[in-house]
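Enquirer: Here are the chains, one letter per residue:
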Amino acid sequence: MTDLASAAAPKMKTSWWRDDASEPVRRNLGLTGVLVALVVIGLVSAPDTFATSGNVLNILTQASAIGVIAIGMTFVIIGGGIDLSVGALTALSAVWCTTVATQGFGGGGMLFTALVVGTVAGTINGVLIAYGRLVPFIATLAMMVGARGLATKISNKQTQPVNVESINRLAENKLLGIPVLVLIFAGVTAVGWVVLNRTTFGRRTVAVGGNAEAARLAGINVRRQTVLLYALSGLCCGLAALMVVAQANAGSSSQGDLYELDAIAAAIIGGTTLTGGRGTVIGSLLGVVVFTTITNLFILNNLPTEVQNIVKGAIIVGAVLVQQFQPRDLFRKR
Amino acid sequence: MSALSRRNLFFGGAAAGVGALMTGCTSNNQAAVPATAPAQQSSGKPGKPITIGFSAPAADHGWLAAITADAQARAKQYPEVTLKTVEAGQDATAQRAALQTLIQEKPDVIVVLPFDGAQLTATGRAAMQAGIPVINLDRQFSDELAFRVLIRGDNYGMGVAAGHFIGERLKTAGTSAPVIAEIAGIDNLPLTQDRSRGFKEALSSYGFKVSHRVAAEFTIDSGQKVTANLLQAAPKLDAVWNHDDDQGVGVLAAINQAGRKEFLMVGGAGSRKAMEQIRADNTVLKATVTYSPTMSGSAVSLARLIANGRGIGDLVELTVPKEIRLASETVTKDNVADYIGLGF
Amino acid sequence: MTDSADTPVDGPPLLTLTEVVKTFPGVRALDGVELTVRQGEVHCLLGQNGAGKSTLIKVLSGAHRPDAGQITWQGRSVSFADPQAAMRAGIATIYQELDLVPDMTVAENILLGHEPRTAGFVRRGAMRAAAHTALTRLGHGEIPLGRPVGRLPAAAQQIVSMARALSREARMLIMDEPSAVLAHDEVSNLFRIIRELRDQGIAVVYISHRLEEIRQICDRVTVLQDGRTTAADLPATTPTAELVGRMTGRTLEHVFPPRPPRAPSGELLRVEGLTRHGEFSDASFTVGPGEIVGIAGLVGSGRSELLETVFGARRPDAGHVLVDGRRLKPGSVAAAVRAGLGLAPEERKSQALLLGEPVQNNIGLASLSRHATAGFVRRGAERAAATEVADRLELRPQDVGRRARTLSGGNQQKVVVGRWLLGGTRLLLLDEPTRGVDVGARAELYQVVRSLAEDGVGVLLVSSEVPEVLGLADRVLVMREGRIVHEARAEEIDEHTVLDLVMAGSLLEGAAQ
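Residue numbers (my numbering), protein chains in the order written: chain A, 1 to 334; chain B, 335 to 678; chain C, 679 to 1191.
Isolated chain A (complex conformation):
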C-alpha cells in the first residue's frame, strides 16, 4: 500500500519551478522575455518614436485583426487540427461584406455578412474533416484555394471601396483613448481565455486534441466538437475580415494574404503544440504582439524587410526550442 505513495514521491519533492502548476507561466516566460528585449531595443534605437502612446496603440491596432484570427487558430490547434484557410476566409468574408448590395444594409449588415460567411465556410471545413474524414491539412488547403478563388470571382479582381461611414470610421474611433479595433481584439482574447479555461467547450477542446480516443470513450461527441472548432475559426476570420476592411476602407480578394502562416506561427511560439491538447490564448496573444512589434521596429529604424523576415524565422525556431527544453514534456507520446 505504501509503495503507491512512494512511487510518486520523488516528483512531489520538485520545486514549484519544475512543478506542473507553473507550466503555463514558464511557457509564456520565454516569449515575454523576447517582448521585453524588443521593447528595450525599441527604446534604445528609436527613443523618440517607439515609446509614444501613439506607436504602442499603433502596434496593438496592427496586431488586432491577425490576433483575432490567431485566437481562433489556437482553438483549432489545441483541438488537434490546423486551419490553413484563415487567410482565404478573411478575403472571402471581406469581399462578400463589401459588395455594393451588402453595403446597402449598412455597417450592421456588413458585420453580419462577414460573420456568416466566415462561419459557414469554417463549418464546411469542419464537416469535411469530421464527417468526410479528410485530414485537416488537406481539407483546409482545399478551402484556402477555393475560397480565395471565390473571393476573386465575386470581386472580379476589383478593389471594392467602402462607402459606409460607420465602417470607415471604425479604425479611427477610440473609446477612452483606445482604438476600437484594439478593444475588439482585447475582448476576443478575454472571451477566448474564458471559453478555453472555464467552459465545457474548452474542456472538450483540450480533450479532443489531447486524446481523441479517450474523449470518444468518455462519451464526448468528437465530431461535433471538431465541426464547432472550425466554425469558431471561421467566425474569427469573419470578424477579422471586418476589421481589415475597416482599416483599408475597402474589400479585396488580396486581403488576408498569408495570414494563415502568421496565425499558426503566433500560436506555435505562444506555446500551442501542433500535436494538439495543449496551448494558451495568452501565449498566442503574445506571439502576435511580438511579430507586430518586430515589423514596427524595423520600419521605425528604416531597415529593409528581408532582414525582418530572417529575424522572425529565428524567433520562431528559438521560441519552440526554448519550449522543448521544458523537462517533463517529452513524455507526451505521438
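Please keep in mind that the hints were generated in silico from the structure rather than gathered at the bench.
By construction, the Cβ of each residue, glycine as well, lies at the ideal position given by its N, Cα and C atoms.
Check before you lean on any hint, since a few could be wrong.
Said to hold, decoys possible - Straight line, CA to CA, 30 Å or less: simulated BS3-like cross-link-like pairs of lysine-lysine:
no., chain 1, residue 1, chain 2, residue 2
1, C, 1027, C, 1007
2, B, 620, A, 174
3, B, 607, A, 174
4, B, 410, A, 153
5, B, 656, B, 620
As the list claims (entries may be wrong) - Computed list of chain B residues with no C-beta within reach of chain A, every gap over 12 Å:
no., residue
6, 427
7, 455
8, 467
9, 477
10, 498
11, 538
12, 582
13, 644
14, 645
15, 654
16, 658
17, 675
Fit chains B and C to the supplied structure of chain A, relying on the hints for placement.
Expert: Same frame as chain A, but now just chains B and C:
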C-alpha cells in the same frame, strides 16, 4: 435570421457581378474612345480574319485585371479579330504550359505579359520560331529573338516623374531639408528597384533625399500596415511617394486613420480611384505618375497591323517598330480631366 | 505429431541466461530467469500473460538491458546496447507485428539496411540474387521479389521477415507467436520451415500459447511464471498437466477481497446474440446489479472488442445490448453513457487519459455538463466532487490538481474508474484493469471494484490473467476465438480448466494420455 442572411448573401453576390460589369464598361469604354479614331485611320477597313492569342498573369491586382480587360475591349472593336485568351494560372510554369498549348493552335500573333520575362524567354522564342510574331508586354524577355515587338512602361521614368513633382513643389514652398518617404511595392522585383532609383536620382537633383523607405506588397492590407508604422516612425512628413495606387487604397486609409495631412502624396500607375481623389482634391494625394495598362489595347492594335503586314499610319516605316516605351506622365488636378478616362 | 523426437539434439549451448533480472518502475518483470538454448534446437518459451515472456524477448533482442544477471552468447558474456548490436551478433527477432516496410519490395525489405552497394549505389542485381537465395533456403523461391510487401498475404510476409534474418546470417531466430496470424495449413508450412532451419544448425526460440503447437515443433520447453523460470529444459514430451502446473499456482490468496455471501439478483445488462464478423459472434450473457462478471480469454479472442461493442464504441453486425430491459442505440457511446455504462479501456494512456491535464479534469471528463451552468464549468463544485471520488478510491497523491502523467499506473486506473463513479455509472466495463499495475496496487484496485459492486454497481471484467478473473468475479465467461465457450460460477471452476478451455482444449487430451 436565416432568411435574412440568405437574402443578404444573395444580394451581395448578385450585386458584386453587376458592380464589376458596370466598372468594367465605364473604364474600358472611356479608355477606348480617344484611341478609336486613330486606330481606324491607320488600319483602314477590316481585312482577313485574325486570331490573336493573349496571356497575362491572373493576379488579384487592379492593374493586371485592367491589362486583360483593355485587350478584350480593344479586340471587340475589330470585327475580324478573335482574341483567344488563355488562363495563365498562378505562376510562370502554368503560364508556360498555357502558352505552349496556344502555340500549337497557330494564332496569327501572340500578345503575352509574362509572369517573369526571363523564365518565359524560351517559350517566346519557340513561338517566334514557329512563325508566330510575339508582342511582349511590360516584362521584357531576356532574349531579343523572343519577341517581335516590346511594349512596356517606364518604371525608372515613373520614379523620375514622381521625384520631379515632389522636388518642384517642395522647392516652390521653400522647404529646407524636407522629410520625404517612399512606399515601395514588392521589394525584390526589378521594376520596384528601377522606380526607386529614378525617384532617388530625380530628388538628388534638388538636393533632397529619401529619409524613410518602406516596402509593401502591392496589396491594400500591406499598404495600410506599412504606412501605419511609417507614420509612427516619422511624426512629421513633407512628401510621400507611393509606388502603386492599388496598395494606395490602404496607404490613404492609414493616413486618414492617423489624421495626418501635413504632407503631399504622389501615387503610381494611375488608377481611376486615385484620379478621382486627385480631382476632388480632398486628400493628401495630389498627383499620380502613370504606368498605364492601356498598353495591352495598343498591343492588340499592333498585333492586327503585324498580321496584315502593315506599319503604323503616321510613321515612315513600312512595319511596326521593334520597341515602344510608354512615357510616364504626371497626372495632377490641372490635367486630370484628360487622363481620367485612361484610369483603371 | 512428434517429429521433433526423431532429431534429438544435444549440441553445445549457444545462449545461456543466468539469474537475469529486469525491473520497471513498480514492476519486477524478470525476477531471475534461467534459459539455455542449444545450437540447432527449437526451444519453446511458455508462460501466461504477464509471466515475462515479452520482456525476455526484448532483453534477448537488445531492446532492453537487464538490471542484473548474465547473458552468455557463443561462450562469451555479452550485453547488447541496442537491437542492431544483437542483430550483428546473430540474433534476429520476428515480432508478431512484422516490422516490414509495406511499400518497399520483397527484395528491398530482405536486404534493408545492408544492401549490396558500390559507392553508394545499390547493386540491384546482387540484391535480388541475395534475396532470392534467402527465400530459396526457406523453400519459398516463388515469392515475387519485385512485389511490394504490403500486397503479400500475412504468411508470405512472415517468410520475408525470416528471409531477412537469414540474409543477415542469424544464428538464432526468436519468433513471438508466429502462428497467431496464420491459417491452419500455413502453420504446418511454417513448422516445416522451422525444422529445416533447425537442421541447418540455426536455433529457434519459439513463443506460443498453444500447447499442441509446442508438442509438434519444440525440442525443449522453458516455463516462465511471474518473471521466474519455474521449469527449464523440459522435454517436449512433458505431460500437459505438468506444463500447465508449472505455469499456474501463483500465491494470490490474500489479494482478492472476499465475495459477499448473497447471490446477486436482478438484471442490469443483457447482451443478446452480439456479433461482429471476424471479431466475435453470438455473444449472449447478463450482468446483474452488484455482480462482477469476468471474461477470460487470450489476446485476440475477441474479448476487448466485445466489451467495446457493448459500450457502443464499435457497431455490432448483429444482436443487441439491453440495459434495464431497454435496447441501447447501437454504435453510440453517448447512448451507453446516458444509460449508465462506463468503460475503462485496455490502453489506459492512449484510450482513457489526458496525461497532460490535471486529475480533476480527467475525472470530470465524462460528466462535464453535470458540473456546469450554461456551459461554464463550476470548477469549485467539480473539484469538490473529484476530491470526494479521489478519497473514496484512496487516490495517491490525493491532490486532484496534479497532472495524470505523474501518477503511478494503479492510480491512473483509479482516475479512470473515478471518472465513471463521478458520472453515476451503474455498470462498469473494465478491460485489463491491472495491466502495468504492480502487485500492491492491484490488491487495492480489486478492493475498489468489489466495494463498487457492494454498492450495487454491475461490473463486466475482461482480463487475460486467469487468476484475476477467478479471484475477483462472481461469474466467469470463457472466450475462445470469438465465442463464449463456457460459463460458470467462479467457485465452480479452477485455473486449470479455464486455461485449458482458453488454449484450445489440449489439456483434456493431455490429461487423458
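Enquirer: Each of the hints needs a verdict: does it hold here or not?
Expert: Verification of the supplied hints:
no.: 1; hint: C:1027 x C:1007; result: holds, 28 Å
no.: 2; hint: B:620 x A:174; result: holds, 29 Å
no.: 3; hint: B:607 x A:174; result: holds, 28 Å
no.: 4; hint: B:410 x A:153; result: holds, 23 Å
no.: 5; hint: B:656 x B:620; result: violated, 36 Å
no.: 6; hint: 427; result: holds, 16 Å
no.: 7; hint: 455; result: holds, 26 Å
no.: 8; hint: 467; result: holds, 28 Å
no.: 9; hint: 477; result: holds, 29 Å
no.: 10; hint: 498; result: holds, 24 Å
no.: 11; hint: 538; result: holds, 18 Å
no.: 12; hint: 582; result: violated, 10 Å
no.: 13; hint: 644; result: holds, 34 Å
no.: 14; hint: 645; result: holds, 35 Å
no.: 15; hint: 654; result: holds, 30 Å
no.: 16; hint: 658; result: holds, 26 Å
no.: 17; hint: 675; result: holds, 18 Å
Of the numbered hints listed earlier, those contradicted by the structure are 5 and 12.
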